[in-house]
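Q: Each chain, letter by letter, is given below.
Protein chains: 4
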Amino acid sequence: DLALYEQIYGVQHPLPELLKDALYGLPEIYHKEIQNAKIVGNPGCYPTSILLPVLPLLANRLIDPSLIISDSKSGVSGAGRAANGTTHYINCNESINAYKVGDTHRHLSEIQEQMRITDGQFGEVLFTPHLTPMARGILSTIYLDFAPGVSASQITECLKEKYADASFVHYVSHSPKTSDVSCTNNCHFNVYFPKSGKKIIILSVIDNLLKGAAGQAIQNMNIMFGFNETEGLV
Amino acid sequence: DLALYEQIYGVQHPLPELLKDALYGLPEIYHKEIQNAKIVGNPGCYPTSILLPVLPLLANRLIDPSLIISDSKSGVSGAGRAANGTTHYINCNESINAYKVGDTHRHLSEIQEQMRITDGQFGEVLFTPHLTPMARGILSTIYLDFAPGVSASQITECLKEKYADASFVHYVSHSPKTSDVSCTNNCHFNVYFPKSGKKIIILSVIDNLLKGAAGQAIQNMNIMFGFNETEGLV
Amino acid sequence: DLALYEQIYGVQHPLPELLKDALYGLPEIYHKEIQNAKIVGNPGCYPTSILLPVLPLLANRLIDPSLIISDSKSGVSGAGRAANGTTHYINCNESINAYKVGDTHRHLSEIQEQMRITDGQFGEVLFTPHLTPMARGILSTIYLDFAPGVSASQITECLKEKYADASFVHYVSHSPKTSDVSCTNNCHFNVYFPKSGKKIIILSVIDNLLKGAAGQAIQNMNIMFGFNETEGLV
Amino acid sequence: DLALYEQIYGVQHPLPELLKDALYGLPEIYHKEIQNAKIVGNPGCYPTSILLPVLPLLANRLIDPSLIISDSKSGVSGAGRAANGTTHYINCNESINAYKVGDTHRHLSEIQEQMRITDGQFGEVLFTPHLTPMARGILSTIYLDFAPGVSASQITECLKEKYADASFVHYVSHSPKTSDVSCTNNCHFNVYFPKSGKKIIILSVIDNLLKGAAGQAIQNMNIMFGFNETEGLV
Numbered sequence: 192d193l194a195l196y197e198q199i200y201g202v203q204h205p206l207p208e209l210l211k212d213a214l215y216g217l218p219e220i221y222h223k224e225i226q227n228a229k230i231v232g233n234p235g236c237y238p239t240s241i242l243l244p245v246l247p248l249l250a251n252r253l254i255d256p257s258l259i260i261s262d263s264k265s266g267v268s269g270a271g272r273a274a275n276g277t278t279h280y281i282n283c284n285e286s287i288n289a290y291k292v293g294d295t296h297r298h299l300s301e302i303q304e305q306m307r308i309t310d311g312q313f314g315e316v317l318f319t320p321h322l323t324p325m326a327r328g329i330l331s332t333i334y335l336d337f338a339p340g341v342s343a344s345q346i347t348e349c350l351k352e353k354y355a356d357a358s359f360v361h362y363v364s365h366s367p368k369t370s371d372v373s374c375t376n377n378c379h380f381n382v383y384f385p386k387s388g389k390k391i392i393i394l395s396v397i398d399n400l401l402k403g404a405a406g407q408a409i410q411n412m413n414i415m416f417g418f419n420e421t422e423g424l425v
Numbered sequence: 192d193l194a195l196y197e198q199i200y201g202v203q204h205p206l207p208e209l210l211k212d213a214l215y216g217l218p219e220i221y222h223k224e225i226q227n228a229k230i231v232g233n234p235g236c237y238p239t240s241i242l243l244p245v246l247p248l249l250a251n252r253l254i255d256p257s258l259i260i261s262d263s264k265s266g267v268s269g270a271g272r273a274a275n276g277t278t279h280y281i282n283c284n285e286s287i288n289a290y291k292v293g294d295t296h297r298h299l300s301e302i303q304e305q306m307r308i309t310d311g312q313f314g315e316v317l318f319t320p321h322l323t324p325m326a327r328g329i330l331s332t333i334y335l336d337f338a339p340g341v342s343a344s345q346i347t348e349c350l351k352e353k354y355a356d357a358s359f360v361h362y363v364s365h366s367p368k369t370s371d372v373s374c375t376n377n378c379h380f381n382v383y384f385p386k387s388g389k390k391i392i393i394l395s396v397i398d399n400l401l402k403g404a405a406g407q408a409i410q411n412m413n414i415m416f417g418f419n420e421t422e423g424l425v
Numbered sequence: 192d193l194a195l196y197e198q199i200y201g202v203q204h205p206l207p208e209l210l211k212d213a214l215y216g217l218p219e220i221y222h223k224e225i226q227n228a229k230i231v232g233n234p235g236c237y238p239t240s241i242l243l244p245v246l247p248l249l250a251n252r253l254i255d256p257s258l259i260i261s262d263s264k265s266g267v268s269g270a271g272r273a274a275n276g277t278t279h280y281i282n283c284n285e286s287i288n289a290y291k292v293g294d295t296h297r298h299l300s301e302i303q304e305q306m307r308i309t310d311g312q313f314g315e316v317l318f319t320p321h322l323t324p325m326a327r328g329i330l331s332t333i334y335l336d337f338a339p340g341v342s343a344s345q346i347t348e349c350l351k352e353k354y355a356d357a358s359f360v361h362y363v364s365h366s367p368k369t370s371d372v373s374c375t376n377n378c379h380f381n382v383y384f385p386k387s388g389k390k391i392i393i394l395s396v397i398d399n400l401l402k403g404a405a406g407q408a409i410q411n412m413n414i415m416f417g418f419n420e421t422e423g424l425v
Numbered sequence: 192d193l194a195l196y197e198q199i200y201g202v203q204h205p206l207p208e209l210l211k212d213a214l215y216g217l218p219e220i221y222h223k224e225i226q227n228a229k230i231v232g233n234p235g236c237y238p239t240s241i242l243l244p245v246l247p248l249l250a251n252r253l254i255d256p257s258l259i260i261s262d263s264k265s266g267v268s269g270a271g272r273a274a275n276g277t278t279h280y281i282n283c284n285e286s287i288n289a290y291k292v293g294d295t296h297r298h299l300s301e302i303q304e305q306m307r308i309t310d311g312q313f314g315e316v317l318f319t320p321h322l323t324p325m326a327r328g329i330l331s332t333i334y335l336d337f338a339p340g341v342s343a344s345q346i347t348e349c350l351k352e353k354y355a356d357a358s359f360v361h362y363v364s365h366s367p368k369t370s371d372v373s374c375t376n377n378c379h380f381n382v383y384f385p386k387s388g389k390k391i392i393i394l395s396v397i398d399n400l401l402k403g404a405a406g407q408a409i410q411n412m413n414i415m416f417g418f419n420e421t422e423g424l425v
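Residue numbers (the working numbering), protein chains in the order written: chain U, 192 to 425; chain S, 192 to 425; chain F, 192 to 425; chain Y, 192 to 425.
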């Protein structure tokens with residue numbers, strides 16, 4: 192969305208006429224569309240970790256879209272190459288903190304737009320990013336509510352089926368660590384159902400520099416050019 | 192509670208007859224009672240970080256007790272002195288993961304019991320602890336709902352007033368880092384109100400080895416023996 | 192050497208009759224011999240980082256063999272998989288220390304034996320290993336003396352020529368970091384000549400888990416079976 | 192020395208007329224002189240770790256001054272507050288490297304000047320500083336030669352006697368870790384005598400931010416103003 196883009200990034204879009212040909216490059220969701228796309232926009236790192244497990248649940252109306260909480264933890268490479276106070280070793284070593292708390296991170300609108308496209312509703316995402324003392328990796332701890340009448344097994348079945356044949360996205364049976372996917376293009380997630388029955392917790396990990404950035408870009412390129420999706424990535 | 196203790200810790204309580212004289216030693220909440228206590232039980236590290244900002248809100252019925260989410264991140268010293276797979280440098284370095292997801296951590300019942308004592312209601316706490324690659328420190332990112340009719344300013348006023356004269360607990364105006372309170376007996380917290388108006392986010396940090404353990408024990412001892420509360424701690 | 196082995200490792204050698212067929216598997220030094228070897232012993236991690244730049248100088252009698260100092264720094268994976276006090280995160284995080292100072296590390300005799308084989312002299316190696324707060328990597332800072340009449344350019348020419356066509360060992364022109372070779376089978380080294388003219392300083396880095404362990408084993412296997420030396424490693 | 196200062200720091204000294212009143216503030220060596228000093232120059236962090244164990248040996252002519260090797264490892268705070276490529280978390284995390292190898296570090300001349308003052312000879316120091324992935328701390332691994340006819344026990348006696356009553360400098364009996372002295376004004380060192388009898392190895396640790404900087408400055412101030420040397424530091 193042009194208006195949204197210019198509001199969030201604070202710059203005029205240099206080539207708005209291209210937007211109609213541009214596609215959101217989350218390959219496990221838009222694989223067919225990417226095959227024929229002229230321009231693919233690579234998703235942000237945080238949105239990738241959140242949308243991969245959440246969008247199939249929204250598309251199948253298994254969760255309540257009105258409020259999704261993602262408490263996300265990123266390594267310092269997520270803060271960029273710039274040398275500044277935030278990335279100085281002494282400041283980020285041996286400490287964790289949240290930033291842009293509330294609703295001001297530019298990745299937030301990217302997440303909300305995809306959610307709206309998926310289920311047509313204007314849900315809210317409460318997204319709390321954290322700077323974690325490690326080089327790479329994102330863990331999103333996602334808190335969801337069941338849609339009325341939905342059972343835990345419907346949730347797990349939906350996600351298992353969706354990713355049964357995926358090359359890079361895997362529903363695992365343990366609590367995933369960011370190091371499990373470090374230096375890979377994988378996303379690992381698991382789903383928990385607290386016994387009170389009130390919430391669903393999804394833990395989702397990626398390497399922000401691969402599935403969250405360059406790796407996914409290569410995956411998109413492979414799809415656009417008809418190569419095997421995993422070329423150069425495994 | 193004896194039955195709860197034996198269920199959670201999996202051992203018979205060695206001295207159940209002392210329980211009636213034992214007090215939960217959260218000094219900023221139970222200062223008067225600790226002055227006359229014979230036995231003080233030192234709170235767990237996670238509960239301390241959560242209960243300090245949450246209990247005053249519950250006591251004043253400013254938040255909905257039915258579901259409180261605490262997404263908590265702890266340094267590796269929280270995993271104890273034992274050398275095992277979890278605490279091996281190679282396993283916890285450069286990685287973050289959640290553990291005991293859902294509702295199985297022994298600190299959970301400690302939190303829930305205090306909440307029930309405070310407002311008389313049986314609320315639910317969704318508590319997700321995370322092992323973070325740093326030596327010390329806890330950050331709890333707490334998601335709360337307003338009680339009906341309550342405004343943001345009532346929340347902030349309640350907490351500012353409660354801790355206006357506290358030696359160790361401070362309502363700060365920035366996003367607190369665990370290193371802000373490292374090697375101190377302090378708890379720093381801040382409160383955020385996302386503009387959608389739906390949730391309250393509290394960020395609360397302590398040093399798990401001081402305010403979360405030995406420091407708070409000394410603070411309790413100081414109070415029990417009539418010393419200045421800060422003796423040996425600042 | 193059987194007697195030396197049993198003294199250092201403190202166990203009886205289980206198959207001493209095989210020793211005569213066993214070869215020291217440092218591929219850049221013993222490439223031809225490995226091609227026909229029945230049994231190859233994989234070098235230790237520290238010796239690999241030291242011997243690769245030092246043995247060619249000894250073989251050409253360019254350095255004084257009577258005393259070689261190697262001040263070596265290893266990541267924690269070098270301390271092994273065992274969970275104990277040494278590998279507990281809290282003990283090795285944010286601290287560096289030397290261990291087995293003087294002459295008691297089992298890698299020392301491995302280094303000295305290779306040096307003796309190379310130039311026929313019984314030189315001394317002063318080897319000081321250090322435990323460094325990082326997962327992987329070894330940096331050896333090596334202090335050498337010129338053999339009489341040898342010039343700096345003879346040293347650099349010898350090493351440049353030796354490794355001109357090597358797949359994994361590279362004479363670099365900057366101060367090498369362990370992260371330069373992390374997750375690779377490479378050894379990078381550089382040579383410095385302090386202006387007083389008294390000593391030669393070599394900085395040599397490897398990844399202890401690859402060139403210092405499994406990577407080198409694969410390289411040896413490739414050579415033994417006539418595969419391309421780099422198969423599976425680049 | 193004015194000329195040396197201007198050469199090394201690359202700036203004109205702003206107040207050369209004060210140099211005659213200025214003293215090198217290593218309190219354990221120059222305690223009496225500091226009591227009456229008008230101006231005290233605080234030693235650098237690396238020189239402090241090296242000179243404390245080395246100067247008494249030089250003053251008593253127990254070691255050969257012609258070549259002293261110090262292989263020193265510093266945490267990232269030693270690289271200063273400036274946010275740049277060197278101090279970016281991603282560059283210094285999980286890696287160790289030497290820098291200013293050979294003889295170009297400005298601390299080198301400070302070390303050499305003190306050595307010359309102590310024993311009147313122009314010795315050489317080979318000083319190799321390393322950037323280590325930790326926030327604070329310095330470990331200097333120092334390689335020395337015996338002066339002719341000197342025994343190991345003379346070395347240990349000299350240092351034990353020198354520091355028997357020192358508040359902050361302690362001859363320890365284990366391999367010191369930088370974390371042993373973290374957040375203190377202490378220097379811990381131990382001395383090793385490899386069985387070949389050729390070299391002496393001293394391991395010396397300080398916290399570069401305290402004994403290597405502000406802590407030592409406070410110690411000097413305490414001495415200048417007649418306060419107890421440890422005021423504010425223990």
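Keep in mind that a hint or two might mislead.
Stated by the list, open to error - Here are some, though not all, of the chain U residues that point toward chain S, as calculated from beta-carbon distances under 10 Å: (1) LYS211; (2) ASP212; (3) ILE287; (4) ASN288; (5) TYR334; (6) PHE337; (7) ILE392.
Said to hold, decoys possible - Distance condition first, Cα-Cα at most 35 Å in a straight line; then the derived DSBU-like pairs of lysine-lysine: (8) U:LYS390 to S:LYS386; (9) S:LYS389 to S:LYS211; (10) Y:LYS211 to F:LYS351; (11) F:LYS351 to F:LYS223; (12) S:LYS353 to S:LYS389; (13) S:LYS229 to U:LYS390; (14) U:LYS211 to S:LYS386; (15) U:LYS351 to U:LYS389; (16) U:LYS223 to S:LYS353; (17) S:LYS211 to U:LYS351; (18) S:LYS353 to U:LYS353; (19) S:LYS353 to S:LYS390; (20) Y:LYS211 to Y:LYS386; (21) S:LYS211 to U:LYS353; (22) S:LYS389 to U:LYS211.
Keep in mind the hints are simulated off the structure, nothing from the lab. Virtual Cβ for every residue (Gly too), placed ideally from N, Cα, C.
Q: All the hints need checking, so say for each whether the structure fits it.
A: Now for the hints, and whether the structure bears them out:
Checking LYS211 (chain U) against chain S by beta carbon gives a least distance of about 30 Å; that is not within 10 Å, so the hint is violated. A least Cβ separation of about 33 Å between ASP212 (chain U) and chain S goes past the 10 Å threshold, and the interface hint is therefore violated. At its closest, the beta carbon of ILE287 (chain U) sits 5 Å from a beta carbon of chain S; the interface hint therefore holds under the 10 Å criterion. Interface hint at ASN288 (chain U): satisfied, since its Cβ lies 4 Å from the closest Cβ of chain S, which is below the 10 Å cut-off.
A least Cβ separation of about 6 Å between TYR334 (chain U) and chain S falls short of the 10 Å threshold, and the interface hint therefore holds. Given hint, PHE337 (chain U) at the interface with chain S, is violated; its Cβ is 13 Å from that chain's nearest Cβ, farther than 10 Å. Of the supplied interface hints, the one on ILE392 (chain U) holds, with its beta-carbon coming within about 6 Å of a beta-carbon of chain S, less than 10 Å. Proposed proximity of LYS390 (chain U) and LYS386 (chain S) is supported: the alpha carbons are some 23 Å apart, at most 35 Å.
For the hint pairing LYS389 (chain S) with LYS211 (chain S), the CA-to-CA distance comes to about 41 Å; that exceeds 35 Å, so the pair is violated. The suggested pairing of LYS211 (chain Y) with LYS351 (chain F) is violated, with an alpha-carbon distance near 51 Å, which exceeds 35 Å. As the CA atoms of LYS351 (chain F) and LYS223 (chain F) are separated by approximately 20 Å, the hinted pair is consistent with the 35 Å bound. The hinted pair formed by LYS353 (chain S) and LYS389 (chain S) meets the criterion: a straight-line CA distance of about 24 Å does not exceed 35 Å.
The suggested pairing of LYS229 (chain S) with LYS390 (chain U) is violated, with an alpha-carbon distance near 41 Å, which exceeds 35 Å. Restraint check for LYS211 (chain U) and LYS386 (chain S): satisfied, since their Cα atoms lie roughly 31 Å apart, inside the 35 Å limit. Between LYS351 (chain U) and LYS389 (chain U) the CA atoms are separated by roughly 22 Å; this keeps the pair inside 35 Å, and the hint holds. At most 35 Å may separate the alpha-carbon atoms for a hinted pair to count; LYS223 (chain U) and LYS353 (chain S) exceed this at roughly 57 Å.
For the proposed pair LYS211 (chain S) and LYS351 (chain U), the alpha carbon gap of about 51 Å is over 35 Å, so the pair is violated. Between LYS353 (chain S) and LYS353 (chain U) the alpha-carbon distance is near 50 Å, which puts this suggested pair outside the 35 Å criterion. This hinted pair checks out: LYS353 (chain S) and LYS390 (chain S) have alpha carbons roughly 21 Å apart, not beyond 35 Å. Between LYS211 (chain Y) and LYS386 (chain Y) the alpha-carbon distance is near 46 Å, which puts this suggested pair outside the 35 Å criterion.
For the hint pairing LYS211 (chain S) with LYS353 (chain U), the CA-to-CA distance comes to about 55 Å; that exceeds 35 Å, so the pair is violated. The suggested pairing of LYS389 (chain S) with LYS211 (chain U) holds, with an alpha-carbon distance near 34 Å, which does not exceed 35 Å.
Hints 1, 2, 6, 9, 10, 13, 16, 17, 18, 20 and 21 from the list above are not met by this structure, while the remaining hints are.
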